[in-house]
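Novice: Chains as they are written, first to last, in the numbering used here: chain A, 492 to 978; chain B, 177 to 1298.
To be clear, the hints were calculated from the coordinates, so they are not data collected in a lab.
Result set (DSS-like, lysine-lysine): computed pairs, CA atoms no more than 30 angstroms apart in a straight line:
id, chain 1, residue 1, chain 2, residue 2
1, A, K602, B, K623
2, B, K958, A, K602
3, B, K369, A, K551
4, B, K824, B, K924
5, B, K1010, A, K756
6, B, K637, B, K659
7, A, K612, A, K582
8, B, K664, B, K719
9, A, K756, B, K1235
10, B, K1073, B, K1235
11, B, K906, B, K869
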Amino acid sequence: MDPILEHKQLMTRRHFFSKSAMNVSVGSAALASMTGPQLTAADTGQPTGGILHAPHFPAKAKRVIYLFMSGAPSQLDLFDHKPKMDEWYDKDLPDSVRQGQRLTTMTSKQKRFPIAPSKFKFQQHGNSGAWVSELLPHTASVADDICFIKSMHTEAINHDPAITYIQTGSQLPGRPSLGSWLSYGLGTMNRDLPDFVVLTATWTGRKSAQALYNRLWGAGFLPSKYQGVALRSQGDPVLYLSNPPGVDPTARRQMLDGLSQLNQKLYAEVGDPEINTRIAQYEMAYRMQTSVPDLTDISNEPKHVLDMYGPEVTKPGTFAASCLLARRMVERDVRFVQIFIRGWDQHGSLPNDISNQCRDVDQGGAALIKDLKERGMLDDTLILWGGEFGRTIYCQGGLSRENYGRDHHPRCFTMWAAGGGIKPGMTYGQTDDFSYNITENPVHIHDLNATILHQLGIDHERLTYRYQGRDFRLTDVHGNIVNDILL
Amino acid sequence: MIERITFLQTPSRRQTSPGLKLIFRLDSKNSRFVISISLPNRMSSSNQGLLIGVFVCYNEEESPPRLTHLLDHMPFISFRDQDCSTMNRFVAHFAIFSFLAFGSLCGSPAIAKEIDFNRDVRRILSDKCFTCHGPDGEQRQAGLRLDQQISAFAKLESGETAIVPGQPGESELVHRITTDDEFTQMPPPESEKQLTAAEIAILKQWISEGGKYQKHWSFITPTRPKVPTSDRAGFVRNPIDHFILKKLQETKLSPNPQASKETLIRRVKLDLTGLPPTIQEIDAFLQDDSPKAYEKVVDRLLSSPRFGEHMARYWLDAARYGDTHGLHLDNERAIWLYREWVIDAFNNNKPFDEFTIEQLAGDLLPNPTVDQKIATGFNRCNVTTSEGGSIAQEYLVRYAVDRVETTSTVFMGMTMGCAVCHDHKYDPFTMTDFYSMFAYYYSLTEKAMDGNALLPPPTMKVPTPEQQQQMEQYSTQIAALQKDIKEKLLAVEYTDPTPDASQELSREDFVWIEDEVPNGANPQGNTPWEFVSVEKKPVFSGKTASTRTAEGLSQHFFTDAKPLLTIGAEDMLFAYVYLDPENPPKEIMLQFNDGSWNHRAVWGDKNAIDWGELGTASRQYLGELPALGKWTRLDVPIAKVGLKAGSKLNGWAFTQFGGTVYWDKAGLNTITPQAGMQFESLARWDAVQRGLKGEGLPGNIANLIKIEPDKRNAAQQNQLKDYFLEKVYKGSQEIFGPLNTQLAALEKSKNELDQQIPSTLIMQDLKEKRQAYVLMRGEYDKPDENRPVEPNVPAFMPPLPEDAPKNRLSLARWLVSAEHPLTSRVTVNRYWQKFFGTGLVKTAEDFGSQGESPSHPELLDWLAVEFRESGWDIKAMQKLIVMSGAYRQSSVVDPQKYTTDPENRLLARGPRFRLDAEMVRDNALYLSDLLIERVGGKSVKPYQPKGLWNAVGYTNSNTANFTQDHGEALYRRSMYTFWKRTSPPPTMSIFDAPSREACTVRRERTNTPMQALALMNDIQFVEAARRYARRIMTEAGETDREKIVWAFRTATSRMPDEKEIQVIQKLLTTYREKYVQNPDQAQALLSVGESPREESLDVQQQAAWTMIANLILNLDETISKG
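Same shape as in the complex, but just chain B (with noise of 0.2 angstroms):
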């Protein structure tokens, strides 16, 4: 007898007509139920999956059915199992009939048990008929509707009536699908959505039924469903367990036992944390015979900070979360202080309700804390634009919609896209409810243009208590000296020598250079500045003399100094230098910037250093090298390097080509006033100062240098005198130089203390928010005037509580309301997935009529109910998962099972599927000890070939080139990866990571040579190979045997057998021989890499035990969770 049959039919029925016929028969000399498939009469490779799901279900104490045809194809013909989770993506139509018992069957086809509308009629109503005769108003035809019960049995403008409820004969609906006229037909022939037989006979039976609508299930508030009573020895553990026991009963499948120890501690290790399990954790929980051996385990690893850190990396896909803001430039942004305080919700356990609402409106709690404003940052994750010539209208309304779009996926399993441009064509959306969605998100006080800027406002300073204890520590001090300096500034007594203000100056010598670089400028070099201490080193005047030792060609130098040298007629540049005598340099060379550096002297070997043009401005020759061991002033006439009086110089810069020299103070000889000169004329400085129109001067001060003296009223004048006691007067530097100096150290230190504290970027409304409108076919340019939108939920949802107010925390607190009927369905499922691999509803992100119905509906509903009532409890949900019965199974795969259920959605076995990009990564770190366990922090660039950002980088952006990191930035755990999201890190993307421009909620798993060609010859994986050699060197056992072992266990988790022992072996003596013979290709293997190889060990050994590392780094079982 029949139970079920069920048949996975070829991909989309609207895309190829195939000619496979499935012809149901009742045999009833032989009571017998008998299934004809025609088949096309020539299948291709290409048709061939067209069989895979047809699989067939009868009682047990009868004999199988006779499947004329299909038994002769049936072992041999499958999908590739690759395509198979693609393939089920676009099958679109995985159609369950339910063929009853049929003893009584006479001549009706089958009978199936009473239709269930949103199993069985939803989706070929929302597949066949909905694009014209759906929810979407503009595209209606004929005025019917047959979402709605109350349009489908209403008379249409025709007179007639869709459904008849009970008369099928009587309903038009009947008469146009099974109508041969092709000018009444539905759906038109034209359309190529054909109703199948089956189809037709559900949609009979349901009218005759009474044709009865239900919402559609993930609209319906969950309800704690009754668990089932059903038993199995040594496999049920939890409620969940009698769920898909039920399901397998029914199914006639049976689970699989439990699996190994070594399988499930790694299994549940993998799925925890992120990382597989070290020999020692194998063994003790081999050893630990206790019934809470296995609870233990997982209660280890949900308190490590590894799960924190496991878990976020999910959300972030979901979150959509980057280091760069993703269009045209593709600038670096800063935002991973929000993937620091993901990291930590997920480890304190923060409730998944309070994860929601601090992620979605932490900004708007009362009294918000830190913590619940950086939180905010999920929806600033968005990708932004500053491209010259963009409107900001449009990017405000993209920025606004991928925010829904975003929200809407992550919390309610459906994006809402649709209705940006139309009502929803499948689900109740309409426009309406899309725009006024869209209005929490409308009123930022985010610009348009991101700037290009690491921190597009609006954005917050975060700095750790440290930081903040050492901010307010430097604002003590500065404080007191300066109160200090008013103190004494008060005691001087000054007359002002000659206030006679029109008295030349004399010609001196203004110090420029002097134990730093002026005021503002940037030191650069092909190594930094180096400055020695008079303690040690020759020091010509002031505290240090800066320094350099060169190979060739070297220099230092700055720029961008402010104010700037100006150049009077006839002044002499100078500067002291001391060669040393045990190491002279060829040639030395000074180097003058006025906008360009043309300005060249040199002293020494004409033309070692070979810049500029010999004998001109660009190199001019100044005579032999100064004599060795002892300071020399070196003069410049301004002409002979191309300067003139007017000439502003903001860059000066020491060059050498080879020996140590050393340079100390530097500047001009001049009689040009120059800013920042002492003096001791207060009228004087004054009258100097307004030629120079105060450059140079604090904003302040330069203001009332403008002002004429006699205009200038007594505090005026007294705040300038003040300025110039303190900063100018020669008399009075020795009392203020001093204290200058320290307060402009503070300030400095201080100032670079500030630049170090960390700025994430956070959610701020508007104080009068932007009014919004529904936007005709989604057009930024075209608001509908007629119908603005206020902040609010869809119409089709439970409502908000009257008295909410119209802002997002009233949005975050609706979808984690008890009444909500998706998120935390939404949530539980993306649980499931990340365990099992596929979410109870298969189609994560879609859970509206055209998303995928759930495999178990009730245990659905049961996680979700449960994840509510527990308090929204995150760890206790995943502890509830892994502590199953139904995770606990073995993954072998059964070859009867595999035909019957090959995605294994029923779960008569346990998940085995490969690592995800990160984790695989990060397992080749953590098994060849170079993997750097410490959460959070910025992010990092590890190995990646050179040329990929600079390939498709705009030439101005800040992350057109890479420069990789080194040291324990290489080692970091893939999660805190650079992620510049035009150019993603190749290993991860390689590997299924998504590129993080948009939200994703399900990562597809493919399986290609690019994989095979990363993980046998990346650097990185290549480096972790020859650590991993080192550990089997140093770690294992003495015997090749003992290392062999102990490198697959710690690669697998389990114990090899003889046979692999055997493969390795015999390749460990290859590559011995090899290695021994090519001692050179030995060095090269191992110098892959930056981190230090131990000297120790023997270079052939190493570089054998290497491959083998490689080898079993490349192991399918390596990569995957069994």
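Only chain A is shown next, with the shape it has when bound in the complex (with noise of 0.2 angstroms):
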């Protein structure tokens, strides 16, 4: 062992136990059972519990913050710009671009696969030219801090086992999300806050919206420490975080510590090395106690800041204020965080849903972008924006120019990544004239997550874990990563 570590690590345990009335005989076991549970990163300044011992080959991004579009947003009307679609207005979809592919039964018996251009104006931004629909001014502004991967695609068909698809990597529920599999291969960065955050937006377009699942960021057949933590803009913001009535901070510290002196008499008797772990946890509840207020009052934030995320972000629960939290979360080293927004699912009026949807994500997500470039930090925090699958050309219920509505299309849609080492202003992979096949550089959802462990340092393929027999992994047994978009 590094002797200064080790160093580090007995004075923790000195100091720890310094707070102890209780003076307990520590046994051999003792020790050997206390150099692990109460270490965390800021006694060591390493990640603490993670399964890869060090990174399979060095990170490029050293958090991740995904804003996830749940419903799958139009690719047709936001980024995949089809300027020939104009004049293929209420004309049938050529069969010789459909193929024969399954549809969802929502359209398989509609007689006509009429097209529907999108309405919206689309322009080039940036030095890199990408396209943009004027939906997203904020975003467009930004161009040149992203990479648009327009070749996305994905085999479900329904939102349900899509999302669950793209989350854990198997349409069927029972598997480890994808930041569990992070937690459970790096550890924590932290001793205050939890290492897998995840926050659930409001939104302003179709009320009736789609269902996120628990297992969107749960821990499938990891340990359940692995699951996401949910930090909520009702009540208490960690659930159970708060005292309850009538009992203060001092209060809850007496009686800790009168548990920690009961708990660690009990240990010098028992031996059970659990014993120390749940003193320790019992300490890092404390300390969240404290940690999280702080994570979300943002009375401090200076108003160039505010503005940059819009009127929105000072509304507890929208898009907005959760990127705001997002930040101030990376600052404080949680790994990754997530951020799902519904609304997005949209059959019908498509144009009137599909900008309220973007007014509440636009400036929020491009804000995000701008605030960790000040800050030195969109280098190693990797940004990812995108939805489920995509949206068909053809138009689902009644057309007109003005108004339409878009089917489930799995075969190709847009997604974003900026930051965390991927490729600033670029445009990867390419969709036909009625962005309904992948014509170039297709990027599996497989293919993505792989990229997404890359960055982080993980070969996806080597982090595993055994269960009913076989090695799983959050790529089963697919995924490329995509070096073209790599720095």
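Got two chains here, each in a separate frame; can you build the complex from them with the hints?
Specialist: What follows is the structure in structure tokens.
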């Protein structure tokens, strides 16, 4: 063992026990068990608790913020500009394009598949000349920091299996989520806050929104400590964080001191190291009682920062407010923050609903890029934006120039990534004139997940967990790193 | 002399190469075996775990072996224990090398005793070779298959032979694993599956000894092994202990002494019932000196109804029981009768073979009972969807796959899941095997889309005997009434007074609302409709009036009335109202719904009710309040409230601002015919009804009405006439009105009762079964037409009887047949896991070649045979285990034993671990006397932080919003908590309960700050502390000391010592001072939770004790079984 590290650990132990009023004799087994549980990043300066002793290769990204657009936004109205479609208005999608691919049963019985060109104007932005629709002016303003991947694809055709697939690598419930794989592999960098935090934002598009599922940030068959912790805008930000009415922090501290003394005494008699771990977890819980409110209190954020995120930033639970919290979390070494915003499932009245959704997400997402860049954190923070699949060029339901709907389309969709070692100002992959099939550089969702792990220093084929006689991994038996988009 | 070296390797050699090397060397000068460990230059905290597993057992007569470097680190380096269970799950390679005495050793590193294929070789081949040379034909390289002797010994395409028995030198395998040539080396360098020197040595020795293959141990039917003879006074209680002791003696460990009686009764009560012992139970046990004292306790606990609940909880994890569908909308599903069946089965000690057969195939038994059908809910517990756009075929396949995986995991300890897409890589499952199992579940009558329904078919109604009897009683009464009506009809003499139907109706009152809401309507309100009867309060007409007393705005209303009220030109809506002179309202309002509620008439204050816009139809002011204390008719011209001829009303609202108001008879003054009006003339009614197209009439009558009168036959005309006389004719309503009212009331009661009768999901096969095929790559739309499959069991397992029908019943009987190698082993292993924390086979879900080998193979087999031969007696098996000396040991962790066996696999000490999620909560409820001890029933919704369901739920889901229950529902055992699978109860998930989306046979046990927060602050636990404080203050002795002792003992089952009492006493004093100074805080603390506070107790004192109770409920000892 590194003598300096060992010394630090012993110091930590000593400090810890000096608080104890009771003189507990500590046996050698006790000593043996103590070199683990109370150690945290702050004590040692290294992540703790991960299964990987060291990253497989140097990590480009230390943190990830994943902005997830649940319900699947239309690539056709936001990023994947298809000017030729104007001439195709209300004409049928040619069979040569569809190639007999399966459709959802929502539109498979439609007599016609009339083309619905986007009603929104597109422009090229920045030096990179990326096409972005008028719905996302703020995002367009940071286009040069973004890599747009237009050739994402998946197999799942409905929301539940598709979102479960992109988040866990399997269409069926039961597997660990991306964030829990990261925690399992890399451990935590944090002594006061959870390693993997999830926010669910409010939305103003279609109210009848697709569901989310705890499994999307669940640990699956991994131990439950790796599951994402929800940071809530209602009630306690973290479940059960606040002391009950009539119990102030002093009273809680007194109780914890008593608890610690009694548990230590038990440990001395019984010798079960689990008791020691429990003592440490209570101390962490106590620290969280201070660190979480500190995290969520944005009263000290300067005005220009708040302005950057837009007027909704002070409204708890909005996407903008969630983005600001995400930045505050990554500043505090939370490794993985995921914001889910629902309301993108626009089978009808798409133009109206998507405008509202874009207003929800545009400014906050762009601000996150600018804010992190200003703080010098964008280079090692990976930001991702996207949904579970794309939407069809053909119209679902009634079609006019001004109003239309789109069905699910797994064969191509657009996501974007920024920071964390991803090439900025780049557009990757192409689709045909109908944004129906990929014509260049397809990126499967397993490829994206492999790339995310890669940026964090993990070989996706080597982060495995044996369960039911099989070595499972996030990318199942698939996944190729998208080297072309890496710096 | 070294007997054995065991080491736990780095988590996976494929993941990292830490630079650790073990070097074994014989020091012949000192007759000693030296192990050097070369460490990487720098060890960081993250790889300190490497050394934990190294332990060396040496002959006691000799001095210890020298462990260069090792001893420097050994005492200090350990895995965090919290990670131990975790670590060992991915510590894939727990290699055990057995080194024999080597007095005659000549230079060779070590001669192991004879190689055992299953023990020593299979794991190496499976891990390192089977990917390319295993059962999966598609991946197989060079035609070499190493999982079968015949192939391994055969000449290969290349002309070489992989294994030449007895001749390692001739064997290509040996050459390939020892060569340095990167082009021929095996496993290939890039595979990162390199063999260790020890593994190579084993393979060589195995081949030298003849390369004998064995079937994988778990696929061989267990036979009862001889019980070893060993003895140790005070330890050996039954055969289990001989097996345990033999192994301990082999490793030079000795068992702990028996645990104290307090510990023992706590342990066994928690293990058998899920609840801790009371002080009375502890005292009774302490005072019972008879040799059977412990056994008496065990027998008593086994017959407690809590036993069945506790056992059922584990089973429900395996059965993936939930109260919602689990996918997409995640609507509620009603299958709790199945949960009740499981509890009853355990409480009645249903033999495990029957338990299995009824769950898998109860519906196929001859003349199945209701209970046997309920049992089949086991395989209706899988997650289902009704997501718009889903493809039915895809889901039919997924459901069948889930059922195969669950059935095979639960009963056979293996998922078979790999064989969905390809032949299994490590076990001899083929795709054909998988889809043959799949075929058992592919022909069910269920639909692919669950319709988001509470009860997607097939389902079954299950009335209680009382409900059954009541239903029959209603039917009898209804039949009698109908007979009576029929007879009376015969007696009515009728002549149509005005057979000319064209005569006009006169304008009159049509009463829509009298004594109850109109037919079919759905009564709602700020509080439910309240009726007063004529005896006590003002009633204008009929039997009752509706009433309401309000502070501020309040209303009652209905919607969805059918038939609708049809409005004609210049009609007038009316209602009678009576205002209480003692408590008059400020304003009253009538409101009408024709699809929208925007039709309002107000009297009194114009603005107290601020809905709509004053002066428009949305808030029309019609005058002052009517006179107080008398009935007044309110008339509303339809035009004033924006209604016109042809408008149809389905709803009506009575609204008031403050006061007490009575409402009676309401309707429409009209000449427009209304469904439900009374008539003198049959011809006229007929004409009116034809105009209304029979709206509001029963279907058969409506059909008759639609026939032109002259085209009806006599029978049809008579049927119409009878209906008219019975329901419509003014002249006969005195006779039939009351009878019809009575009949309607009976039918309503019967219907209501019918609604209350619970139903549950069951299994049912299609009459014509679907043909199943092997699905290429597991894709639902790629059936391999060349490979049709019939329902069958895996080919490498014992076959079905020749004459067995191809259905689930044969599958179920096969699983519990005497020849089945797995079911009994897998089941007793899970029981073992329940008591000891870890199974004899640690990977309870995987008994295949990738799973862990049993720690005590003979014991496992002995228990498996014992279980089967006992008649699959579940309670007897529980008793056998808890009666063993191994179970009764103290769990005190001796440091040396810990170092030797951190996971306690050898059982040199008793089990100690944290309670499961449900037990943690039940324990707190029990200690605070809040727990409701009642078996069964629907799921309940106890406290849960606001917004959790809402944050994830599909907006239209019926579980998008959580509505907490009240009263007893807050304090049922946790197994009855409503389980929404996409957002499970948070205090359950936090303590490692699974989501119940998929079958789980082994829970992880973690230790996190979230758990600390929940125990400290969750309303449920704080309320429990408050109620526990009440018990401390009222049930314990007088002094603080007595109270502290009582409280500590109740929670931990043992007496506190002086130091513990001191710590608590000091804290108590602190809190007393605090709460005496801050009575508001004391009050606030005592207001947590819905259960009433005992007002006679002093607030500050109870607050102080509540904090002490909070402390005690958080003790490690309180939430652990020791």
